[in-house]
Amino acid sequence: DAGITQSPRHKVTETGTPVTLRCHQTENHRYMYWYRQDPGHGLRLIHYSYGVKDTDKGEVSDGYSVSRSKTEDFLLTLESATSSQTSVYFCAISDDPTDTQYFGPGTRLTVL
Amino acid sequence: AQTVTQSQPEMSVQEAETVTLSCTYDTSESDYYLFWYKQPPSRQMILVIRQEAYKQQNATENRFSVNFQKAAKSFSLKISDSQLGDAAMYFCAYRTSGGGADGLTFGKGTHLIIQP
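Each protein sequence line maps, in turn, to chains C and B.
First residue of the first sequence? That's 6 in our numbering, and the numbers climb one at a time after it.
First residue of the second sequence? That's 25 in our numbering, and the numbers climb one at a time after it.
To be clear, the hints were calculated from the coordinates, so they are not data collected in a lab.
Careful: at least some of the hints might be erroneous.
What the hints assert, rightly or not - Reference excerpt, derived from the structure (chain C facing chain B, CB under 10 Å, subset only):
id	residue
1	Q42
2	G47
3	D61
4	D67
5	G68
6	Y69
7	S72
8	S74
9	T76
10	D104
11	Y107
12	T115
Said to hold, decoys possible - If you want the ones that stay clear, here's a sample from chain C, every Cβ over 12 Å from chain B, calculated:
id	residue
13	K16
14	H29
15	M37
16	K62
17	T91
18	T105
Keep in mind the model is a prediction, meaning the values are calculated, not measured.
All C-beta atoms, glycine included, are put in the ideal place defined by N, C-alpha and C.
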């Protein structure tokens, strides 16, 4: 299994609070991705990174920001959480943009 | 933008039988990559099989094989000799081969039930 961890694995928070999710990899892969999974929608891309300090928006980026200061860490921040951001969040990594993406275990976030 | 459609929200099959999950996609590109991922109740996303569009030969991985019909934009997954451990959500995904690092486009998934 690819060395990908996500923290926390579960989080419950209140509307309006900031939340940061962390993805950590030990594979030294250049590319990292954040997806969200909601019933009836499959997985949708939020943001991705193609190197340290190099990031770009995905399909559903509104309300989210990301940062990557080290190859191994990719952070997803909800500046002011809303109930619509209740979801399961997955991080993925790949060595090349056309290569297979390997996924972390996911974080279940509930915004009350 | 590319879209991926899985028209079967749920499928059921008897243990040891064969089942085929459907996936169609819409793209104007000639070169791309297609994937099937499995998501068991543990929630972990597991790669089942990968197909490169420029390869005409259908990919296989043990009991899992695909029927890739490029002209029809169809990418179905066949599971032979179904086992209880195959019960999961299955997602079809598309990736452009073009430049850039944008991610995968997923279908909404098919829930596969294995009847003992």
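Hint by hint, work out which the structure violates, then give me just those numbers in ascending order.
4, 5, 6, 7, 8, 9, 12, 15, 16, 18
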